[in-house]
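2 protein chains.
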Amino acid sequence: MSVTTHDRTETSDGSTAARSVLVKPGMCGHNSLFVGRLGDWTWETVSDLCGTNAFDATNADGSPTYLSFYYFHIRGSRQMHVHGLTFGDRLRVASRLFDFGSESILTLHEVRPEGGPDAPVDPDRFYAYDDPRCIYVENYNRWISRSRPGSNRDLVKSSPVGFRHDHLPRLPDAYSPRRVYDHARNRLTFLDGLPADRVPRPGFTLDYPIDASRDLNGVGLLYFASYFSIIDWALLRYWRRLGRGTAAFLDRVVLDQRLCYLGNADADSVLRISVDSWQKAGDPGDEIVNLVVRDRDTGRTVAVSTLHVLSTGGAHDGA
Amino acid sequence: MSVTTHDRTETSDGSTAARSVLVKPGMCGHNSLFVGRLGDWTWETVSDLCGTNAFDATNADGSPTYLSFYYFHIRGSRQMHVHGLTFGDRLRVASRLFDFGSESILTLHEVRPEGGPDAPVDPDRFYAYDDPRCIYVENYNRWISRSRPGSNRDLVKSSPVGFRHDHLPRLPDAYSPRRVYDHARNRLTFLDGLPADRVPRPGFTLDYPIDASRDLNGVGLLYFASYFSIIDWALLRYWRRLGRGTAAFLDRVVLDQRLCYLGNADADSVLRISVDSWQKAGDPGDEIVNLVVRDRDTGRTVAVSTLHVLSTGGAHDGA
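Here the protein sequences come in this chain order: C and E. As numbered in this note's numbering, residues 1 to 319 make up the first sequence, in order. As numbered in this note's numbering, residues 1001 to 1319 make up the second sequence, in order.
Incorrect hints may appear among the rest.
[As the list claims (entries may be wrong)] Just some of the chain E residues that point at chain C, by a computed CB distance under 8 Å:
hint	residue
1	G1026
2	G1029
3	H1030
4	G1039
5	N1053
6	N1059
7	L1085
8	T1086
9	E1138
10	R1142
11	L1235
12	L1250
13	D1251
Hints are computed from structural coordinates only; laboratory data are not their basis. Glycine residues also receive a C-beta, built at the ideal position from the N, C-alpha and C atoms.
Could you put together the complete structure from these sequences and hints?
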C-alpha cells in the first residue's frame, strides 16, 4: 500500500506546483505542525521554481540567507480548517508564486481534499475565498540574514545568489499584501477600525517566556510556526479566563488568522502578549481576537495577529 | 532545482525501505520535530510493507486503531545527533521491520548523511552502534484503540484488519526490546543499577501541565513526540538549576535517549516529573539523567526516559 506523499507536478508557466499529501501525525493536531508544513511547501515551491535551494541559500557574501516569513494568512471554513485535519486525510495542495522583486516573494496555497478537479491558482478566485472545501493560505516572505552571529535581533534583508523571479506573474495591485501588512505594522491590528456589531471584552496581557526546549528552529531562530503556537498558548489562556473548558478550546474553528512577523527574539527572551477581543452581538461564540506580541524588556513589537474564531459549543463547552 | 524528499526504494525481501531526505525547518531544530518525523517514517514503512495503511487503520469492529509508540531509542554521537541537524542537510534513512506478531512491530532506522554506501540494516551491525556517522533509532510499536470515546486512558491492544507481518524477519533474541522495556516499566529506569564511576546529584520533581494548545495529535491523544518535548522541558529546568545558561542547553549533545510509553493522558492533566542524575566523576558535563513522568492526580506512570547527555561547554556555557 503506497503512502507516497509528494507526488508533485509543475505547470507549464513555471509559477505553479501541485502536490498530493497524505496527512500524518507529524503534520496535524492541536499544535502548529500543519502550519510548519505549509512553510516547508513555500520553501519547496521556491526551490523548485526559482533556481535557488531555499533550504541552503547564501548571499553574495557567502552568508546564510533565509526565506523568512513576514506575513502569513490562513483562511478556512467550518467545513475545512486547520485543526479539523487528521491522520489519513488526503489533500491536494496547489501552490503558486508571484514576483515581488529580488528580496521578497508571495506564495498562494490552496489546500483541498483530494479528488476534485486540479484547478490552477487564480488570484481573483483565490481572493474571493468562496470555496468552503478550500483552506486558502497566503505567505509573503523576505530573504534575510543575521547582522550579528548568534543574535536573533536586527535581521537584515539579503538576497541569495541565483534567485530567479522575473518569470513569475505579477499579482494584481488590488490584492497586494503590502497594504495589509503595512496596516498591521502601523496600527498593531489587521482590523480596519472597531468591528461593527461587536461588543468588546476586557483586554488583558500575559507573559510568555520563550521555551528554548521547543520554540527554536534548526538555525537557532524563533521558528516561524512557534509564533502560531505562542498565539495559541495565549488564546487558550483567554479561553480559560472566560470559564471555557479544554474540550471547547480543542473544538474551536479558526475561520481566519493573519499574522505579521515584525521581529525575531533571542532564546531567553520573555514575550508580553496583549489580547483584545470582540464578540458578535448576541453570539458570544463568534469572536474576533487581536494579539500584539512584544519583547517584554525592549518593548519591540515582535508580531501582530488577528483571528476570527468560532466556539462550536460542543458537549463539553459549558458556554 | 529539485528538493524532492521522498525518493523511496524497497528491497527485495519486503522488510526494508530507504529514503532520501532533505532536512527542512519542519523537521529539525530545538524541538521534537525530527523525532516526529521518525515516527511518520515508521508508520510509512509499515504502510508500505505490511498491507495496512497505518494512517487510517481500523480493527475488526471498525474502530480506529493506532500504531502507538511503546519504546523509542535514539542513539547518536558527538558528530551526528538529533539536535545537530539543520536546514539543507541531506540524509539517507534506511528502515527495516521485524516481526513481533499481530499486535506489535519493531522498526530499526539508520540515519546517515547522504552519499555513503546504501547498506541494508543488519541487526548485529545495528546493535553494535559503532558508526559515528549514524543515528540509530529503534521503535517498538503496538496497535491500540481507545476503550472509551473521548478518553485517553485505558487504551487497549487492537490489531487492524489486513496487517501482514509473517514475511518479516525475526530479530535475534539477544536484541529483544522486550527485556529492555520490561526493565524500564518495572524499575522506572533503563539503568542496570547505579551507574559506576558516577556521582549522583540531588534529585527533584516538577509539574508540567499538559498544554492543549500544542501537545495533542490529530486524534486528540498526547502526541508521542510531545513526550520528548516534555522531557526536554524538564531537562532545561534541570540545566537552569545547575546555573547553566540557555546557550549551553542548546549546545547539548544527547548521545543516547530511551523512552518507554506507559500511558497516555487527558488534555487537562498535570504531569509530575521526577529527575535524577549522575555526573561522571571528574567530568560534570557528562551526565546520565533519568526521568519518570506520572499523572499527578492518579499517580499512574506515563513515561520513563533515560538519557546520556554531554554539555559541550561552549562559549556561553559558563561551566
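Here is what the structure says about each hint:
| no. | hint | result |
| --- | --- | --- |
| 1 | G1026 | 4 Å, holds |
| 2 | G1029 | 4 Å, holds |
| 3 | H1030 | 4 Å, holds |
| 4 | G1039 | 6 Å, holds |
| 5 | N1053 | 5 Å, holds |
| 6 | N1059 | 15 Å, violated |
| 7 | L1085 | 6 Å, holds |
| 8 | T1086 | 4 Å, holds |
| 9 | E1138 | 18 Å, violated |
| 10 | R1142 | 15 Å, violated |
| 11 | L1235 | 7 Å, holds |
| 12 | L1250 | 6 Å, holds |
| 13 | D1251 | 10 Å, violated |
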